[in-house]
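Q: Could you slot chain B with the ligands onto chain A? The hints should help.
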Amino acid sequence: MTAANNRRTIAVASGKGGTGKTTISTNLALVLAQQGKSVELLDCDVEEPNCHIFLKPQIHSSKPVNVLYPSVIQDKCTGCGVCAQVCEYSAIVVVKNKVLVFPGLCHSCGGCTLFCPEEALEEVERQVGIVEEGSSSGIHVIQGLLDITELMSAAVINGVKKSAGLSDIVIIDSPPGTSCPVIESVKDADFVLLVTEPTPFGLNDLKLAVGMVRQLGIPFAVAINRCDMGDGEVQRYCDDEHIRIILEIPDDIRIAQAYSRGEMIINVLHEYKGLFVQCLETFFNQKDPGLNTGQDGQ
Amino acid sequence: MKIAVSATGKSLDDQVDARLGRVQCFLIVDTETMEFHALDNASINAGGGAGIQTAQMLSEQNVKAVLTGNCGPNAFQVFNAAGIQVIVGVSGVIRTAVEQFKSGAFSQAATPNVAPHSGMKGGGGMGRGRR
Ligand code: SF4
Ligand code: SF4
Numbered sequence: 001m002t003a004a005n006n007r008r009t010i011a012v013a014s015g016k017g018g019t020g021k022t023t024i025s026t027n028l029a030l031v032l033a034q035q036g037k038s039v040e041l042l043d044c045d046v047e048e049p050n051c052h053i054f055l056k057p058q059i060h061s062s063k064p065v066n067v068l069y070p071s072v073i074q075d076k077c078t079g080c081g082v083c084a085q086v087c088e089y090s091a092i093v094v095v096k097n098k099v100l101v102f103p104g105l106c107h108s109c110g111g112c113t114l115f116c117p118e119e120a121l122e123e124v125e126r127q128v129g130i131v132e133e134g135s136s137s138g139i140h141v142i143q144g145l146l147d148i149t150e151l152m153s154a155a156v157i158n159g160v161k162k163s164a165g166l167s168d169i170v171i172i173d174s175p176p177g178t179s180c181p182v183i184e185s186v187k188d189a190d191f192v193l194l195v196t197e198p199t200p201f202g203l204n205d206l207k208l209a210v211g212m213v214r215q216l217g218i219p220f221a222v223a224i225n226r227c228d229m230g231d232g233e234v235q236r237y238c239d240d241e242h243i244r245i246i247l248e249i250p251d252d253i254r255i256a257q258a259y260s261r262g263e264m265i266i267n268v269l270h271e272y273k274g275l276f277v278q279c280l281e282t283f284f285n286q287k288d289p290g291l292n293t294g295q296d297g298q
Numbered sequence: 001m002k003i004a005v006s007a008t009g010k011s012l013d014d015q016v017d018a019r020l021g022r023v024q025c026f027l028i029v030d031t032e033t034m035e036f037h038a039l040d041n042a043s044i045n046a047g048g049g050a051g052i053q054t055a056q057m058l059s060e061q062n063v064k065a066v067l068t069g070n071c072g073p074n075a076f077q078v079f080n081a082a083g084i085q086v087i088v089g090v091s092g093v094i095r096t097a098v099e100q101f102k103s104g105a106f107s108q109a110a111t112p113n114v115a116p117h118s119g120m121k122g123g124g125g126m127g128r129g130r131r
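These protein sequence lines map, in sequence, to chains A and B. Per our numbering, residue 1 is the first one in the first sequence, and the count goes up by one each step. Per our numbering, residue 1 is the first one in the second sequence, and the count goes up by one each step.
Isolated chain B (complex conformation):
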């Protein structure tokens, strides 16, 4: 099975990055063979909707699951439509995370775990300054 992991670097010994839409790159890992390749995230500098674009890009990779830290509602909806499992709250070394996934240690997120735009620079992002 092919899965995507948001990554801080381009090897299995790098860490799982908590970000999704604003992450530098993903590792696309074959869980059977542990073969992988890195995929740069083109949406990292998108003005808005980065999570949506990222989710769309990953769905084109035909991955069956995504391991990441945080996933907002918009990206979540895209993954759902694409039939991709979303696993949030993942951290640590990528290789270990993939092994844990294989052993069934993770359960699929039923809901997004962060607010929209929360990955944007400055925290507030497109959100608003309602005082």
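Bound-form chain A, shown alone:
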């Protein structure tokens, strides 16, 4: 399939929540769709997907995300305790020769089943979330939703990513932070756009996020939301580190108002569309990327 070869994946990430990550990923996707590109938006913030608030997609399919966990075949189990020794997550323990499984802690590694000398374990499925697909203004929207009591977001994020792949451009709205689910969301991207705010907290979280993408070796650039507030420290840091800032959204009360009404910036505040168009041009113009992993700056 040609689409697979030419497909470009941009992950929009942020060291903390509430920086405008979703605003940016949804507006970028909409600009691309309005330009006639085939685009998918993956909402990988599976604990709290919110792209749908702005894009209001018509959901046309929904499927469960299942994970495997071990179940004990009592007749065969000798209570030897090997499974508990194998498990890194305390998801299976043996007390008084009885095996106890904690499905919520299980990472589905399969180790216990593999090493059980009596073949007394079998892997069974349980549902931890759903993946929904829909469309909105020419964007194929795929969102994951982790069940509220579950911890294994990575499984749902994977489910979302597996459902993608029909379009030329994929935009990923990743969860906030720099933990495992974030890495799961961004690791296969061609490019990461790190969203931040020009505040001391924003800078601190940006540094963590930069550390993460450098570790992953993915090209990246920075987007600054509410760029005209703050003291310029974020800009200075990016300069020093030779990190390109490819999108700066001003602190405009009308943007906040549009956000609170669930409206898309480029639809209601046309003057800002150019910013997103430019950002995408910089990204797609690979001849002058200036987009780096920051290694040359060290």
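Certain hints may be false.
What the hints assert, rightly or not - Heads up, simulated BS3-like pairs for lysine-lysine below, C-alpha to C-alpha not over 27 Å straight-line:
id: 1; chain 1: A; residue 1: Lys-56; chain 2: A; residue 2: Lys-16
id: 2; chain 1: A; residue 1: Lys-187; chain 2: A; residue 2: Lys-207
id: 3; chain 1: A; residue 1: Lys-98; chain 2: B; residue 2: Lys-64
id: 4; chain 1: A; residue 1: Lys-37; chain 2: A; residue 2: Lys-56
id: 5; chain 1: A; residue 1: Lys-98; chain 2: B; residue 2: Lys-2
id: 6; chain 1: A; residue 1: Lys-187; chain 2: A; residue 2: Lys-162
id: 7; chain 1: A; residue 1: Lys-63; chain 2: A; residue 2: Lys-162
id: 8; chain 1: B; residue 1: Lys-2; chain 2: A; residue 2: Lys-96
id: 9; chain 1: A; residue 1: Lys-56; chain 2: A; residue 2: Lys-273
id: 10; chain 1: A; residue 1: Lys-56; chain 2: A; residue 2: Lys-162
id: 11; chain 1: A; residue 1: Lys-37; chain 2: A; residue 2: Lys-187
id: 12; chain 1: B; residue 1: Lys-64; chain 2: A; residue 2: Lys-96
id: 13; chain 1: A; residue 1: Lys-96; chain 2: B; residue 2: Lys-102
id: 14; chain 1: A; residue 1: Lys-187; chain 2: A; residue 2: Lys-16
For the record, the hints were derived by calculation from the structure and aren't laboratory data.
A: Below, chain B with the ligands alone, put in the same frame as chain A:
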């Protein structure tokens, strides 16, 4: 009868620690003789499931009861499977707590009294930041 007490230090005159999975050590006390020894909690720095590992460790000590402050559902389930009584909400000097236990002043907890992972550093722990 052998019982375990989550402890802030290694003598009977130290305090009962409210934590279970993240406690530094336990005193394993013989209620008849008041002889005891300290047992370091190997799970204190475990990534997750510390309560489960702690409960498993205590079950290997063949204790009949555990006196502590808080016990989450996972550890509770392990204690139940091991037939170990769980007594929560205990505080104060360990020696006094053991005496109270002997006199039957405590009743066994019927349910866990805290949410899972609540003993993790930063409070939130493995729990999630659903806003
Ligand atoms: S390894 Fe297998 S036989 Fe041994 S305790 Fe676990 S389930 Fe039972
Ligand atoms: S599958 Fe892996 S994580 Fe799950 S209980 Fe077995 S060893 Fe532990």
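Q: For each hint, tell me whether it holds in the structure or not.
A: Here is how each hint holds up against the structure:
1. With a CA separation close to 24 Å, the supplied pair Lys-56(A) and Lys-16(A) stays within the 27 Å bound.
2. Taking the CA atoms of Lys-187(A) and Lys-207(A), the gap is about 18 Å. The hint holds against a cut of 27 Å.
3. This hinted pair checks out: Lys-98(A) and Lys-64(B) have alpha carbons roughly 17 Å apart, not beyond 27 Å.
4. Of the supplied pair hints, the one linking Lys-37(A) and Lys-56(A) holds, its CA atoms being roughly 19 Å apart against a limit of 27 Å.
5. Distance hint between Lys-98(A) and Lys-2(B) is fulfilled; the C-alpha atoms sit about 21 Å from each other, no more than 27 Å.
6. Of the pairs offered as hints, the one joining Lys-187(A) and Lys-162(A) holds, with about 14 Å between alpha carbons and a cut-off of 27 Å not exceeded.
7. Between Lys-63(A) and Lys-162(A) the alpha-carbon distance is near 12 Å, which keeps this suggested pair within the 27 Å criterion.
8. Of the pairs offered as hints, the one joining Lys-2(B) and Lys-96(A) holds, with about 16 Å between alpha carbons and a cut-off of 27 Å not exceeded.
9. As the CA atoms of Lys-56(A) and Lys-273(A) are separated by approximately 20 Å, the hinted pair is consistent with the 27 Å bound.
10. Note on Lys-56(A) and Lys-162(A): the hinted pairing holds, with a Cα-Cα distance of about 22 Å set against a maximum of 27 Å.
11. Restraint check: the Cα-Cα separation between Lys-37(A) and Lys-187(A) comes to about 24 Å, which is no more than 27 Å; the hinted pair holds.
12. Distance restraint check for Lys-64(B) and Lys-96(A): the Cα-Cα separation of roughly 13 Å lies within the 27 Å cut-off, and the hinted pair is therefore satisfied.
13. Annotation: proposed proximity of Lys-96(A) to Lys-102(B) holds, straight-line Cα distance about 25 Å (limit 27 Å).
14. At most 27 Å may separate the alpha-carbon atoms for a hinted pair to count; Lys-187(A) and Lys-16(A) meet this at roughly 18 Å.
This entry satisfies every hint, going by the numbered hints stated previously.
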